[in-house]
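Peer 1: Read off the chains here:
Protein chains: 2
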Amino acid sequence: MQVTTLTADQLDLMDRYWRASNYLSVGQIYLHDNPLLTRPLVLEDIKKMLLGHWGTTPGQNFIYVHLNRIIKQHDLSMIYVSGPGHGGPAVVSHTYLEGTYSEIYPEISQDTAGLQKLFQQFSFPGGIPSHASPECPGSIHEGGELGYSLSHSFGAVFDNPELIVACVVGDGEAETGPLAAAWHSNKFLNPVSDGVVLPILHLNGYKIANPTILARISHEELEQLFRGYGWNPIFVEGDDPKLMHEAMATALDTAVAEIKDIKLNASRSDTFTRPRWPMIILRSPKGWTGPKEVDGVPIEDTFHSHQVPLSHPAKHPEHLALLEDWLRSYRPQELFDSAGRLLPELAALAPEGKRRMGANPHANGGVLLEDLPLPDYRDYACEVATPGVQGIGDTHLLGPFLRDVVKLNEALCNFRVFGPDETISNGLGALFEMTERQWTGTTQSNDEYLAPSGRVMEMLSEHQCQGWLEGYLLTGRHGLFNCYEAFIHIIDSMFNQHAKWLKITAEIPWRAKIASLNYLLASHVWRQDHNGFSHQDPGFIDHVVNKKSEVVRVYLPPDANCLLSVMDHCLRSRHYVNVVVAGKHPAPQWLDMDTAVKHCRAGIGIWPWASNDENGPLEDTDSIAETDLVMACSGDVPTLETLAAVSILREHLPSLKIRVVNVVDLMKLQPEAEHPHGLSDDAFDALFTQDKPVVFAFHAYPSLIHKLTYRRTNHHNIHVRGYKEEGTITTPFDMTVLNDLDRFHLAIDAIDRLPQTGAEGAKLKQWLNDKLLEHRQYITQYGEDMPEIRHWRWGSKDGE
Amino acid sequence: MQVTTLTADQLDLMDRYWRASNYLSVGQIYLHDNPLLTRPLVLEDIKKMLLGHWGTTPGQNFIYVHLNRIIKQHDLSMIYVSGPGHGGPAVVSHTYLEGTYSEIYPEISQDTAGLQKLFQQFSFPGGIPSHASPECPGSIHEGGELGYSLSHSFGAVFDNPELIVACVVGDGEAETGPLAAAWHSNKFLNPVSDGVVLPILHLNGYKIANPTILARISHEELEQLFRGYGWNPIFVEGDDPKLMHEAMATALDTAVAEIKDIKLNASRSDTFTRPRWPMIILRSPKGWTGPKEVDGVPIEDTFHSHQVPLSHPAKHPEHLALLEDWLRSYRPQELFDSAGRLLPELAALAPEGKRRMGANPHANGGVLLEDLPLPDYRDYACEVATPGVQGIGDTHLLGPFLRDVVKLNEALCNFRVFGPDETISNGLGALFEMTERQWTGTTQSNDEYLAPSGRVMEMLSEHQCQGWLEGYLLTGRHGLFNCYEAFIHIIDSMFNQHAKWLKITAEIPWRAKIASLNYLLASHVWRQDHNGFSHQDPGFIDHVVNKKSEVVRVYLPPDANCLLSVMDHCLRSRHYVNVVVAGKHPAPQWLDMDTAVKHCRAGIGIWPWASNDENGPLEDTDSIAETDLVMACSGDVPTLETLAAVSILREHLPSLKIRVVNVVDLMKLQPEAEHPHGLSDDAFDALFTQDKPVVFAFHAYPSLIHKLTYRRTNHHNIHVRGYKEEGTITTPFDMTVLNDLDRFHLAIDAIDRLPQTGAEGAKLKQWLNDKLLEHRQYITQYGEDMPEIRHWRWGSKDGE
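Read top to bottom, the protein sequences are chains C and W. So in our numbering the end of the first sequence lands on 812, straight run, no missing numbers. So in our numbering the end of the second sequence lands on 812, straight run, no missing numbers.
It is possible that some hints are incorrect.
Note that identical chains are pooled: a pair holds if it fits in a single copy or bridges any two copies.
Here are the computed lysine to any residue pairs in the SDA-like style, where the Cα-Cα straight-line distance is at most 25 Å [stated by the list, open to error]:
#	residue 1	residue 2
1	Lys60	Ser692
2	Lys515	Glu738
3	Lys704	Gln128
4	Lys560	Tyr722
5	Lys419	Glu448
Just so you know, the hints here were simulated from the structure itself, not pulled from any lab data.
Isolated chain C (complex conformation):
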């Protein structure tokens, strides 16, 4: 007698459980009424709009049943990531069958009435979306946009040594770039201190209307590909449910045994060798167990099963009978009792309590979230005895702070820094005094800061950095992504999805808030003078502010003390996306720590020491003094150029009253009705006046300032300079000149708006234009900026 993994009884029970989940899935797509088919199906039982994706669903149902078995058998802590998340009926069906759904949504009870509601709500106005959406317990991955399931899964298991993420990768999704690169994440996973990702590549065969690439290469190539990626693929292929149940059970037993072996060996070993983790390649028919053929068109195992196979029972009455046959093929009377409750011998197959994948707390990470222990950021302050002292580069002061965040975090182990390959380049090298880059590839003697475990994650894929970080945050930890400003656009679309996830989950009471996703864009547009035009794009902010104001924050600290204050705030915050743009090159420092803290807390304010309109830092807006001109700035380089311009104007036109306003928190500019940080109109008017010219030097594209301020009283007087897509390899100062953001242009802009400066103004304007010519000649001759630019300091004359 052949030894099998499953007894005949087990196999029968599991097959029934699978049929139950398939029945519920078809029910969700189609049924408005008659949930247990207690009477013949009639047209009125069918929903009017039929929306959903059947194709991937039965395969995912199959996987879930089998994962339940190994969870119970080995008492595993496992969560389920549905790459083809559009097969939402699968995760909804299973979390309902295992009981988690009804616990969270008591009205979706485990009886006939609950079943009916379960069916009705799916893809219905006021109901639930058709994807593995945030509303579904157990989901950390919506799956609407394809490509990120594997990165999310790896992010989830970092520092979660007991967790296994079963990650279903669709063969459509597998064609995307982010997914194709994510297989290499195994070169970063530590078998002792991290958990395990068990990828299940689901060769469903088809996309919407095409076969998939991986389903149409030879078995040999497929095996080579995944062995080349460093995995040990276990194949499960077929369409006969009985044979497939046995094969899948055996494959999972093998995989779990390999995982246990790897972890045990690693924990016992002194030396580190990257293991070859198991994965499963499951080839099963798309639309498995669905209609074989409709109107002469083959459905099962073709792309025609992608969405709703019988889509118009109203127009084609014969489809009604087909649908009824299909539903009855699962024999619901063998699955549910007359009250609509799953039979107890089937219910017993699901794990219990928090072992259920829908109830595993890792999939609702906010409930596990602990505050990040932070050192006092004031201890890392740069001394600023007088505004304009030269700093070493703002992020270089942040580095030691982050290093000590890591230090304080040794026990909790819930903080990581992610980036393509730029942690040192971005000025955060101090981190490596405390930790290393986690790397499980081979090492060589000349390598630096690589170790099998560490707090810094570097892979030259912004997609992986973002995906890992998202997975890490979604499972209740903290992190930071440092990136070149221009190339953060690579993950625009991933940001979209995460921001949408945050918006929805904030509205779901049982979803606990998670830590914010923090971006540090340290290699920014104004200091890409040596990389040139391709590295210059400050538009990520524009992209970010299109998302719901409840979840997005943008900070442009003008110096290192402000950066420290802002980053401390971001690391404490919850459920936002925080974008912080800061410099890494030596740059002047403006505010001592006390002043910086007050300034950042306000988010925007007058800098009285730079102004001569006799205002203080504007705490009392009633008593504000008159001014002739507002010179506003946001961002480190624009702040420097603004102050230099103010210094020129004050020297040459001493009677002019000038107010300098600096913006750290960009969202302050929006109306308070549009963003929770927005200034009231009164407060805005107090700063920017109701009628005086405003010259605004901005870090990014100028139109963004107009977009944020168009409703303000004095908007028509706001003149903005910023990046206008001009740039090449040149000097740092010339980058500002090419974009009219330099001190000379800013001063000219001011004079142009101040007719009262008359002949004196005209004379100064001539001098400024001469300066611009002088600059051009100097740099083309010497290849560097004029000494008076390189050595300019606030309060000195000509850089003395």
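Chain C is fixed; fit chain W onto it per the hints.
Peer 2: Coordinates of chain W only, in the frame set by chain C:
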């Protein structure tokens, strides 16, 4: 005696040629003067700012020398794509040595003076960038942003059966998602009708500060990985130049022989089998031939050689001697004559004329560009006897037009349609009456429209679609990318780079203009009601308009005839990025073809048949009649809702004078100083008045309209509705309600801005609010929109 590929003479000559290119590369990075080292090096000979990337350069120089040999030997048409394009000195050095550089830039002559200028200009203000930038002949790929070299290469060879693209893929770049997926492009290449990509994976070992993944996996895994991807990898590994020359020459001979075999066999065979194309894996030291060690730190073969190895000769005088040793190690006197000219026996190694990779016309595709033969789009018109007739879905009328573009293009074979998997879903299924999807994977009986050659390219990777199309356009052909609107953000960053390329090349006289990159975003935000929130994002337009106005165009045709007119225009245009947003679902049609043509030519205009302010289509702005209200709209769904709102207002408030303005060409809204399409202020005022309320229903995020119009006279009266990040699975009409863009909200917005409507207005407002409640109740009960919404037609009452 061992038979070798290279004779001793050949090897010596090639090694000298390599040394010449290395010498020129180091010279470009460092030297301001003394280009031939005719006297000892002094500090004044060195540039003040040292900028560039040495690490990748010698390896690329090595590759280029060897490619020259096989080009000559086999008379190949080959171009060079530099994935690690930041090694700009390599391509500049080689195009200079082969003579193409001086032909294009005569001042960079082939003598000492020219050498000096060549060195000085590199990474210098007013000079050339440090990447394989557009200024460099032979480049179609700047390489600033990593990940797209292989996709560009495949795009370049489609329909270019004689062309071979030698594509150097850096091992850093190979970690990115887009590159990891691009290896699968071989499943789409036809060996008869397409050219060949010869990938050269350059295992340089390190990124900026890290080893690379592919350099740190075993030889076995590496080979499996690329065999799994379907390639036949040929390994060239080592650091001894002599051995490496021989190995590389042998590898390239093998590769060329395999390529010839494959092409010959394919051309002779009746049946199709996907071939296993050769590729080369070159493992050579990073910074090869550079300093071994500086200040005790190993440089060659470590990441420390990434940029400028001796970066401060001024601060460290001993570095000056090291630099001189390094330069002299190439023995320039054995390479150049005393006049600074490459010795003739070396110059003879380069191919001649257009066979030189810097002179191959495919790398300046505009010179090969032929107009796309187009049928008369008017022949595909939808009959619109009266505004509001129901259409079958706008893109469904575009499909037959595109089908016939393909038909007329059979001989020229220079047009392709790209998309992830959505050509049919996007309404362009008519294409398959004429052509098929090109696919060289295996096929099965239930597949549809797959063939080894075809005009439609579908891979579920927006990155590949974009990269292929860019490569196709850059080599002088035409194309269209159809994509879901939300997911086009996946290629935001690729769009950035292409737009930057277009901007720069437009300014380079010898670069001929190429065809525009055309996006058709047919599955747009307002009809993702069945996919839900994750599929809703109209922000790509915002992203696009940040780029230079000279190169970007955005069109929102309100119906099918306008779409035909717009697409005809886009396919004829040159050197733009055109974004066209259009619907695919059945929708009302407004303009007959003649009217549509006029409307699209104007880009914006009054719709007199929908207005009651007695204006014509506004050709004479002097005689414009007064109005009380402007109802503006842009996009198909906003146009429908605006017309429905106007119809309500006209019925209930018949004395109100209403003007309907429709915007097809979004850039018309910008000031003429900002965009070449921008309306003059007078023309804008004529349309939008100077003081009347404007309710603007917009397809995308409302703030974009404010951003484009904030300088206009009447801006403070423009009230915009658009997508505000509200959406889920619901009915199509409810999507507009959730975002306040529906007819009822628009009418309320109008009344709120028209106090003169008094009690009548208040009464109507109450009615409208009741309608909104009725709508909500209806859809939650029935799951579909009220009949009066579903059947509403312009000119009828309540959908009669």
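Peer 1: A separate judgement is required for each hint: does it hold in the structure or not?
Peer 2: Taking the hints in turn, this is what the structure says about them:
no. : hint            : in the structure
1   : Lys60 - Ser692  : neither (47 Å within a copy, 50 Å between copies)
2   : Lys515 - Glu738 : between (36 Å within a copy, 10 Å between copies)
3   : Lys704 - Gln128 : neither (64 Å within a copy, 53 Å between copies)
4   : Lys560 - Tyr722 : both (18 Å within a copy, 22 Å between copies)
5   : Lys419 - Glu448 : within (12 Å within a copy, 59 Å between copies)
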